[in-house]
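Protein chains in written order, with the working numbering: chain A, 51 to 188; chain B, 51 to 188; chain C, 51 to 188; chain D, 51 to 188.
These aren't lab readings, by the way, just hints derived from the structure by calculation. Quantities reported herein were computed from a predicted structural model and do not represent experimental measurements. Wrong hints could be hidden among the right ones.
Pairs count within a copy or across copies, as identical chains cannot be separated in the list.
[To be verified] Dumping the calculated DMTMM-like pairs for lysine to aspartate or glutamate here, alpha-carbon to alpha-carbon at most 25 Å:
#1 K158 / D93
#2 K145 / E94
#3 K158 / E67
#4 K155 / E94
#5 K150 / E82
#6 K155 / D93
#7 K155 / E65
#8 K150 / E174
#9 K158 / D146
#10 K150 / D62
#11 K126 / E65
#12 K58 / E174
Number of protein chains: 4
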Amino acid sequence: MKQSMTKKSLTDFLEREFPQVSQSFNILDISENNFSMSLKITDEHLRPGGTVSGPTMFLLADVTFYLATLNMIGLKSLTVTTNCSINFLRKPNQKDLISKARILKLGKTLSVGDVLIYSQGINEPVAHASLTYSIPPN
Amino acid sequence: MKQSMTKKSLTDFLEREFPQVSQSFNILDISENNFSMSLKITDEHLRPGGTVSGPTMFLLADVTFYLATLNMIGLKSLTVTTNCSINFLRKPNQKDLISKARILKLGKTLSVGDVLIYSQGINEPVAHASLTYSIPPN
Amino acid sequence: MKQSMTKKSLTDFLEREFPQVSQSFNILDISENNFSMSLKITDEHLRPGGTVSGPTMFLLADVTFYLATLNMIGLKSLTVTTNCSINFLRKPNQKDLISKARILKLGKTLSVGDVLIYSQGINEPVAHASLTYSIPPN
Amino acid sequence: MKQSMTKKSLTDFLEREFPQVSQSFNILDISENNFSMSLKITDEHLRPGGTVSGPTMFLLADVTFYLATLNMIGLKSLTVTTNCSINFLRKPNQKDLISKARILKLGKTLSVGDVLIYSQGINEPVAHASLTYSIPPN
């Protein structure tokens, strides 16, 4: 399988299918080996201690791996997460988050890989998520 | 350690610390062996296929285990998630979610356990999350 | 689906398919809601600090959930683990381990659930594993 | 923190602390950014279907991340796994396994990272594990 989408087609898809959140996301790079996004951080994403909440980092990891998978298989919107294990590594700044996805296996029914989450101004990753997505039959 | 909070004190804490989301949550039961909450589902929580999004279920699991831990150790707001592994089991209805937390280990520095998520109208759980929270020193 | 095997048929299966390790395992209870096994601990399972190694606890969780699944679907030996997330909660004694499996979802292609591991002489669980098994088509 | 051990000192440590299994492992590379090991596969590691068992891959991931951590912090043998989430991606050959560890966070009390497992003769990884180790105080 090979990367088949354009940045515009993925962005349009995100706006159509997830209108509630799409305006916060930005697709930075959709090449096969470096699928990367950003999430604009606003007050709704903060939590006590002046940091970004765990569910916000989960959301970015989930959306990033979803689009990284669709980038390879086409716009199958019913592709769904079956498992995610996420480690929170460092306290993020109150700044935008950046994600980088890696697909480790792309089979007929499953896409498995991981996502590193970075916070602007911190060199090391703030979270690491391993995800499995189930791909619906054609 | 034993359960030390009232439902009102936990609800007040949630409203104070997480004003962005607190109005969607309801604490149902805070007994030690059955800590349970509900999350009111609105349009922002939905995703393609007429179901509730994975990040919404993660959010409920995370908030539930956070409050189940604070219910035992007191209102240490800087208690933070270090790991969550979540399995999505069934497609939820577009209805409110119910959570039930179980603490498996409550040490000085870590709280470890799991949360089952139910969707109104479905008998079996729709998601199962295992979580670890790090407890700050006194 | 309902529980369909006998303790003897599962034990015979284990001896036939896993002759290297089967003599260390004992099936205690195979009822649908309380599938339980024990693992005899010997020197090969120990690690520094006078405790049982993590891989030994993983092995017991994996075998227990495998047999708990086969107990429901029949002896499909090619059923394979696709994911396991395990939390190590307490230091076990140098004594036999006991496991208790719970199936949370049994679909046509996946079995998902968790296993608690106990160490003789300790009331609280020493490990908790969430597992997903992939079931081969008929 | 920086890499501080030699291949010989880590190998000696493994033989002293884990005499039951040390002869099956080989340390290939101990540089900071490419900590790599191999595990010699024998009959005891096989399972039905002519493949290597899941617990064998878990064992290699666990030992590799343990030594990758000790390579950075020195020989603290009581460093213990607190969490591992492992995805099994492909059926391994009945050949030796190779592991590659990556440390994502090395703090005073926790080491967090992941390990890719390869099977000789297969280009893509056969398993991916995310691990957290707890480091004892000095």
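_25 Å Cα threshold - placement of E65 relative to K126_ = within (15 Å within a copy, 38 Å between copies)
_Intra- versus inter-copy proximity for D93 and K155 (alpha-carbon distance at most 25 Å)_ = neither (36 Å within a copy, 27 Å between copies)
*With identical chains treated as interchangeable, where does the CA-CA distance between K158 and D93 reach 25 Å or less: within a copy, between copies, both, or neither?*
Cα proximity of K158 and D93: none, with 40 Å in one copy and 31 Å across.
*25 Å Cα threshold - placement of E82 relative to K150*: both (11 Å within a copy, 22 Å between copies)
_Regarding K150 and D62, is the shortest C-alpha distance of 25 Å or less found within a copy, between copies, in both, or in neither?_
Intra 20 Å, inter 38 Å, cutoff 25 Å: intra-copy only.
*Intra- versus inter-subunit Cα pairing at 25 Å for K150 with E174*: both (13 Å within a copy, 19 Å between copies)
*How do K158 and E67 come out at 25 Å by Cα distance, when the copy is not named: within, between, both, or neither?*
Result: close within a single copy only, 23 Å intra versus 29 Å inter.
*First find the shortest C-alpha distance between K58 and E174 inside one copy, then the shortest across copies, and answer within, between, both or neither for a cut-off of 25 Å.*
neither (29 Å within a copy, 30 Å between copies)
_At most 25 Å between CA atoms: does that hold for K158 and D146 within a copy, between copies, both, or neither?_
neither (34 Å within a copy, 27 Å between copies)
_At most 25 Å between CA atoms: does that hold for K155 and E94 within a copy, between copies, both, or neither?_
Result: close neither inside a copy nor across copies, 34 Å intra and 27 Å inter.
*Which holds for K155 with E65 at a C-alpha limit of 25 Å: within a copy, between copies, both or neither?*
neither (27 Å within a copy, 33 Å between copies)
*Intra- versus inter-subunit Cα pairing at 25 Å for K145 with E94*: Answer is both; intra-copy 13 Å and inter-copy 23 Å each pass.
When each numbered hint is compared with the structure, violations occur for hints 1, 4, 6, 7, 9, 12.
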